[in-house]
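Let chain A serve as the given structure and place chain B on it in line with the hints.
Each chain, letter by letter, is given below.
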Amino acid sequence: MSPKRIELIVSLFIVLVLGWVLWEARAWQFHSRLFPWSVGFCVLGLALIQLAFSLRDYLRFEPTLEVGPQRTPLSEAVLYGQVTSEPEVVRGRIIVICAWILGFYLGLWFLGFKLGSLILTFAFLRFTAKERRSVSATVAIMSYLFFLAVFDLILAMPLTSGLIAELIGASSLESFVIDILRWAFPG
Amino acid sequence: MIEALVSSLLNVFTYPTFPFLLIGILIGFVIGILPGIGGLVTLALMLPFTFDMKPVAAFAFLLGMLSVTATTGDLTSILFGIPGESIAAATIVDGHPMAKKGEAGRAMAAALMSSLLGAIAGAIVLAASIPVVAPLVLTFKSPEFFALALVGITFVASLSGKSKLKGMLSAGLGFVLAMVGLDPQSGMPRYTMGIPQLWDGVGLVPVTVGLFAIPEVVDLWVKGTSIAERGSESLRGVWQGVKDTFIYWGVTLRCSMIGTFIGIIPGLGAGVSQWVAYAHAVQSSADKSRFGMGDVRGVLGPGAANNSSLGGALIPTIAFGVPGSPTMAILLGAFLIQGLVPGPDMLTKHLDLTFAFVWLIVISNLITVALCFLFLNQLAKITCVRGALLIPGILLLVLLGGYAESNSILDMGITLLFGFIGLLMVYLDWPRPPLILGLVLGKLVERNFFISYQLHGSGFLFRPMVIVILLIGVAALFLPVLQAFLSKRLGLKEEVFVSKED
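So the sequence lines, in the order shown, correspond to chains A and B.
In our numbering, each residue's number is its place in the first sequence (first place is 1) plus 1242.
In our numbering, each residue's number is its place in the second sequence (first place is 1) plus 247.
Next up, chain A with everything else stripped away, as it sits in the complex (with noise of 0.2 Å):
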């Protein structure tokens, strides 16, 4: 999808928003109303302008763009000169980036900052940047014992347990498996 497209997209999506949230002021009193009915209907203005100037775009640059070459999907990147990658293999990078974003705030939610800090450092350093097992499994150790020192044990903060153990009951999956491991291993 070309650059201009998803502008027009996003203009579209902004319209909207703006309008949801200027319909949903409607019912409310009129001192509650006043504050974001001044500014939404300023902003909605604009997001009007905006996606006018959109459609332009897309309707006069489109036809040439799909045909010539496409631009580098982060703008940044083409800014400094530092992509030199063929588009593709660019945007292939950005989605396993994005993926593992992703990966991180789930793996976090359900496992806990401590024990998350320590696989997912693993997980992502070992299949998918392709380091050696050693470098990977020392780094997660690494931001393991930070995350444990200096968050957990230092400045005392709430660190959640994670999902998992908050479902199973157990104060963290550490504990939980230092149990199991007891249990198992009496002696």
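Hints were generated in silico from the structure; no laboratory data involved.
Every value quoted in this text rests on a predicted model; they were computed, and no experiment measured them.
Check the hints yourself; a few may be wrong.
Not the full set, but computed from the structure, chain B residues with beta-carbon under 10 Å of chain A [stated by the list, open to error]: (1) 416; (2) 468; (3) 647; (4) 654; (5) 670; (6) 677; (7) 689.
Now the stretches of chain A that chain B is said to cover, found in silico as 3 or more residues with beta-carbon under 8 Å [what the hints assert, rightly or not]: (8) 1243-1253; (9) 1270-1280; (10) 1287-1300; (11) 1339-1348.
Cβ coordinates follow ideal geometry from the N, Cα and C atoms, glycine included.
For chain B alone, coordinates are given in the frame of chain A:
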């Protein structure tokens, strides 16, 4: 007066004040570098430890910690593109591109020196202005604060880069985002989509961290190299950064004053001053094309402003017991713990302590900057580490940064959401700073608008001070247009209208 100034300096170097200052600096150093954990939270966590301390030692501990977080927060912003503190977000815009170009040492040195000068400027103003500023602050009521927040919006044009429309729309969306949460008038939930965790609104930290840091992570992976593409320069770059501070002394000084002044005004603070200072750095430069791509002036401005704000913010807190920010409100708690009442007593009976605040800000910044310079080359070398090795650590810190503000998984989700929005904005060339400015100013504008309207009706817009402030805003808005028009019309170079240092 001089006697109090000298005795308070000597007092700072006594036992146990000085060791507590060093401990505070150390904590502030670490807190500043780590993203998400702000000075505010740490101040609240450390407050109970001051119960058994004497006043000077307690404030040495707290102010030592607080005054260095902005300085070290700038370093994280430059190195990784993640704001170490929310008040160091503006440093990313030019600081991180400098790191990418292999100029991390130069950018950090510039940030450190401007931070030091900013802190000193703020401290000097604090020392000199307490008797002078009293009538000024007392003149300012909600209508004036409303007008000041509106003036802040006029800086959007300078933060918008090439596309002013996209910048204004981005700021407008920031305003809309600021409306999420409980309505300050009726207490009714607005745009919360039935999620109770959104009743407190959308946090500034998750939005800022997501918007700026996640696109950097993606960029780092796509490049497949280290942060610094061209290899990090050596000590020469650090020295250049120091020199830049003095070459562009005007920008540094003016931004320090902007930071101090905004710090004085309750409700604004370093979160706003960094962006206003950045906008000023852009506005006052002849060649604006390099901003956003690694212009050192874009580092000097916010660096100076976010540090000088502390000195400014202390003025109303000490002199009138009016805390201008949540941080100052917690610090006010320290006053009460120590049995001190802010107000005239602080200028007479406890003048020693008031001057000690000035010295504490200066000394803690001097120590921090000296410490940082010792390790600057090592820090700069981080930018040469292979990107793939840094990505998991950065991602963990980014998500923790989002989580830490209210210990909420939802906030972590907001970080993620704004990360993808940031990515889209970078892709489509939409400016991100105006959105943050809109989010910061939106709440201020709304709150002061309603208080003003309820107290004065629509007549609040015609108060003399409001008119003066709004005229300044209009001038700030149209000055760049006027400059461009006159330079075209008269055939003059744009340099005529800007300071000589450019």
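Are any of the numbered hints broken by this structure? If so, which, sorted upward? none
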